[in-house]
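Engineer: Put chains B and C on the given structure of chain A with help from the hints.
Chains as they are written, first to last, in my numbering: chain A, 1 to 302; chain B, 1 to 162; chain C, 1 to 467.
Each hint can be trusted.
Label-pair restraints from in silico Cβ distances:
1) A:Pro245 - C:Leu173: 47 to 55 Å
2) C:Pro165 - A:Glu239: 52 to 60 Å
3) A:Gly157 - C:Pro115: 48 to 56 Å
4) A:Arg147 - C:Leu92: 52 to 60 Å
5) C:Glu157 - A:Pro245: 55 to 63 Å
6) B:Gly95 - A:Gly157: 47 to 55 Å
7) A:Glu5 - B:Arg83: 38 to 46 Å
Don't read these hints as lab results, they were simulated from the structure. Cβ atoms here follow ideal geometry from the backbone N, Cα and C, with glycine treated the same way.
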Amino acid sequence: MKAFEVVAARDARHAVALLAEHTPTAKVKVIAGGTDLLADLKFASASHAPDVVVDISRAEDLRTIAVTGGGLSIGALVTHTEIMASPAIREMFPALVDAAHTIGAVQTRNLGTLGGNLVTAVPSVDSGPTLVALDAQVTVLGPGGERRMPLAEFFVGPRRTALKPDELLVEILIPTENLGKPACFLKFGLRKGQALALVNVAASFWVDAKTQTFRAPRVALGAVAPKVIHATSAEAYLEGRAIAPEAMAEAGRLAVGDAKPISDFRASAEYRKHLIAVLTRRALEGAYDVWQKKQSPAGRAR
Amino acid sequence: MVTVTVNVNGEPRTASVPPETTLLRLLREQFNLTGAKLGCDVGDCGACTVMVDGKSVNSCLMLAGQADGRDVLTIEGLATLERLHPLQEAFEQLGSLQCGFCGPGILMSAKALLDENPDPSEQDIRDALAGNLCRCTGYIKMIEAIQGVARADGARPAPKSA
Amino acid sequence: MDKKSAVIEKQARLQEVEALLKAPAAAPLAPLPREVLVPEARQQTPAVRQRATRPDGRLHGLGQTKYIDDYYLPGMLYAKIKRAGIASARILRIDTSEALKMPGVMAVITGKDVPCNSFGPSLKDQPVLADERVFHAGDGVAAVAAVTEQIAAEALEKITVEYEPIRPVLDPLESLQLETPGLHAPNPNIYGHKVIRKGDVEKGFAQSYRIFEGSYRTQMVEHVPLEPHASVATWDANGRVTIYSTLGRITLGRADISRTIGVPMSRVRVIATVVGGNFGGKNEITTEPVLALLAKKTGRPVKCTFTRPEEFLASTTRHPLVMDYKTGVTKEGKILARQIRLVLDGGAYCSWSETTLGKACILSAGPYQIDNLYAEAFVVYTNKTMTGAMRGFGAPQVCFAYESQMDDMAKALGIDPLQIRLTNALREGSLSPTSQKLHSVVVRETLLQAAQRFGWNEDGGGNGAQS
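Extracted from the complex, chain A is given alone in its bound form (with noise of 0.2 Å):
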């Protein structure tokens, strides 16, 4: 790994500070839990490395998990590990629980964070497409303040975000309109650990429980696109409509149309829109799951 300096950061404010000073002058990455600037560095030639690295893994305010008046707010710094054993999302968000358990192995989990995970804005990013689905805002601190936008917006393309460079993600806040809205994350790998998804999807929909039907749903695909996105004609097609498995089905056969899909050495695009199919029909049955859990005490219990 070639040389570079390392300025450690107080808090989220300091990093911000450490970026302005270094920015204009200097190469700089910022480090958190380490998991991918580490593993792309190691072999980066020299016009690739940093100058400066600033490590934010200190900044404790970056590590809270809360409901707030804006919904559930999670720290960019909150790991992997810590989102699967939080209580309360645990409680609320089953899907994300899941996500999270994808990612890596445990000890990428145990350093590997949230923020992290999401400013790499991979195509097949595991922690994207269930907070898409569930219509989660990223804060972002920067000189001048925070700005706040959909993460659908965050992602602008493979690895590329709309952070710039003097700019921090502080924090991931899922609304409090969607505040335990079911949900189901599935993800779909050549193994069961330390894969990258060929496809992953996530889905999530409220049930109006007079009509039984589909009320704001949502499905998120990943790795079939530039970067994380809806499946709008499903979405559309869904919203409304009597909750049915054809219904699911059909949400599925749209969803490819929503796609774009590659070949790669991992799988050929014909494969991976057999799976867009599949994985969103299962996800809007797993999401429905949980709603079906939700209501019944003994399935609470259980």
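Structural biologist: The following block gives chains B and C in isolation, referenced to the frame of chain A:
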């Protein structure tokens, strides 16, 4: 250069290293603790697994400075002069290690698992070892060894309910 | 007894003793057939079902086993190899001057510094460091010894190499064509060939109810030992070099090291330590001569440990095979004739290709009794990572082909895949493709027992146990 003080296997150790030094290189090159291995250097193989503040991590993916002031447990800290750690004993008895290169990492992952979950299911064990690659022995004998230790521990008071 | 007769008797006795003491020039011929003790098939020995522990198991568990990368010799330097990064090219110029100027860089060598720049476990077709020609992207073109690995790695970026690209040959079938220019000209690209003939395939095909033809391919596979290749070289005051290495075959490696660095074998000492996984990938030297030369030049011990990318790029891999099978069968699925052509992608250098070629060819008919067989195998050069020994030496590749074809034929003939194998399986006393009489053959018994254990027939048979 940064000065790093780490509590390694219960003893404070200090070294002055370039800032880009990983925890793995700090342990191997400065403290001569060569139990943790460099297998892939990118967090895939798990041969470098150590515990930091009670959690297993890939020491190749952590900067030495990030471990400053923390507790680090390596394979060298598992046994005492008097006796092997039960996991080491079980791995030896069952022949769970062949070439042995993955062993230190596997044992640290197993230790981290049992610390948190004294009564793991087979699936829990497999999940705990997913980040440790073994190319010769295979995982069956390792899983048997870990289960054996868990059961022996479970016979003592207050096993965690499933 | 008179004196004279006593002397005669003594002389006779001496002759007798002398005859007894004198070893015969050759052992007396034993009558044939000689009686050989053959254990009963599946005979239980006392070791079966016993738990075996390993003598090195304790140190492994304690993390105290020392692998090469755990070694540190006083004053040791670290070497890094610059890889070509281009599959096929002529080297026009290598400039190492900028690297040599870097503080901490103690020596840089290129292929020109290697006394005898060729080696190999069978053919001597591999350069220690490519000097005139690059044969695959993983070829080393220069080596640096520096006080830290980091400086050595940075020095590699300061070395500039000017290449004249040559169109690479990547497809083994293209390489097989005689008009394809030889990679290692004037030698042809086909560097190994084997034929096995048994019976008369044309006659067998003529009698067949149906003839099946199929082409099967397997991919390149890397061994991925968890421990990367590593070695340390150090010279002593008497001009002897000691090399600690992850090498599996030290005597063979010693000969190659001696040849390449131009030092008599008696002055080369190779120490093989505990190895963190070999699987056939550590059966030949890699950087040992480079380290010996760098150590000589600097007067200090030099270590090199492969990075994981180097492990994929610059160590041997499993041969990809292109396998064409033509098989004639009766209506009942009995194989009457089989004709096979194997093309092994040998990569840039021979390595253990000839062993792999032989074994793949001999085993290509499968564990089946085939009276009319023609198997032909070629191994060819391509501009890819060299292929060599790996677990099974070609056996897994051909297994994929012949078992795939068995399934294809069973499906087409409407026969249970298990049945077609039972029909053709080798039996006690069957002749192998090379007409060796086989003993202790339990293919059928094994298949039947396996089928019973995993419930082959439970879902109605024929469809396997998958649904």
